[in-house]
Amino acid sequence: MPKTRYLDPTASPRKAKEMMPMDFKPSSNRLNIEEHFFNSQCLVCGSPTSEGLCDDCYFFPEETIAILLGRIQANDMRLIKTQQICTTCTGTMLGEPVQCESLDCPWFFSRKRADNEQEFMMIVQEILEDVVNAKMEESVYSTTDNEESGNSEDDDYMDFLFQTPEN
187 MPKTRYLDPT ASPRKAKEMM PMDFKPSSNR LNIEEHFFNS QCLVCGSPTS EGLCDDCYFF
247 PEETIAILLG RIQANDMRLI KTQQICTTCT GTMLGEPVQC ESLDCPWFFS RKRADNEQEF
307 MMIVQEILED VVNAKMEESV YSTTDNEESG NSEDDDYMDF LFQTPEN
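Each residue of the sequence shown is one higher than the last, beginning at 187 in our numbering.
Honestly, the hints are just simulated from the structure, not real lab data. There may be inaccurate statements among the hints.
Claimed, not checked - Have a look at the derived ranges for each label pair, beta carbon to beta carbon:
#, residue 1, residue 2, range
1, Asp241, Pro292, 38 to 44 Å
2, Thr276, Asn319, 39 to 45 Å
3, Glu282, Glu248, 37 to 43 Å
4, Pro292, Ala260, 15 to 21 Å
5, Met308, Ser226, 16 to 22 Å
6, Gln259, Glu323, 43 to 49 Å
7, Ser296, Pro234, 40 to 46 Å
8, Phe295, Gln227, 46 to 52 Å
9, Glu287, Ala320, 40 to 46 Å
10, Ile253, Trp293, 36 to 42 Å
Just so you know, even glycine gets a beta-carbon here, dropped at the ideal spot from N, CA and C.
Take the sequences, apply the hints, and build the full model.
Next comes the structure, spelled out in structure tokens:
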């Protein structure tokens with residue numbers, strides 16, 4: 187006999203929107219398909235997680251910072267290149283918004299995709315700042331712990347040298 191399942195009443199995006207305060211409700215009542223699915227992958231390694239980064243990537247920040255910075259830089263370069271191509275085609279200046287809406291042009295869609303990814307990169311930038319801040323706090327605490335105990339890494343190394351038996 188099949189088991190009954192109990193669902194969370196806020197699992198549906200429509201119900202979640204209804205329960206939101208009026209200040210945070212979106213202006214449109216239409217739902218996107220993306221609102222039904224939650225991305226539960228790590229931004230760096232792709233392993234399952236409920237947040238932006240998995241625990242492994244969060245606790246090894248050097249590699250995480252390098253990968254996220256590379257991703258942000260690649261998206262920035264893609265956006266700049268598509269903007270340059272579109273501005274030369276439309277005859278607008280580089281700093282001005284491009285007024286092209288030609289659906290026949292593949293660069294139009296590339297530019298729109300890069301614009302949408304730029305919004306996502308703002309979220310990635312916030313996650314990157316959290317990782318950098320956590321790394322900075324970790325290094326500050328480890329430095330103060332060494333100073334308070336009176337030991338430094340050099341002292342530990344010297345203790346090791348004095349304790350090793352000589353042949």
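Going through the hints against the structure:
Distance hint check: the CB atoms of Asp241 and Pro292 are about 40 Å apart, consistent with the given range 38 to 44 Å. For Thr276 and Asn319, the hinted distance range of 39 to 45 Å is satisfied, since their beta carbons lie about 41 Å from each other. For the hinted restraint 37 to 43 Å between Glu282 and Glu248, the CB-CB distance of approximately 39 Å keeps it satisfied. Separation of Pro292 from Ala260 is about 19 Å and conforms to the stated range, judged on CB atoms against 15 to 21 Å.
Checked against the hint of 16 to 22 Å, the C-beta distance between Met308 and Ser226 comes to roughly 20 Å, which is consistent with it. Remark: the range hint 43 to 49 Å for Gln259 to Glu323 is contradicted by a beta-carbon distance near 25 Å. Taking 40 to 46 Å as the suggested C-beta distance range, the pair Ser296 and Pro234 does not conform, at roughly 31 Å. The supplied range of 46 to 52 Å is broken by Phe295 and Gln227, whose beta-carbon atoms lie about 25 Å from each other.
Separated by about 43 Å at the C-beta atoms, Glu287 and Ala320 satisfy the suggested range of 40 to 46 Å. Our hint of 36 to 42 Å for Ile253 and Trp293 is violated, since their Cβ atoms are close to 28 Å apart.
Checked against the numbered hints above, the structure breaks hints 6, 7, 8, 10 and satisfies the rest.
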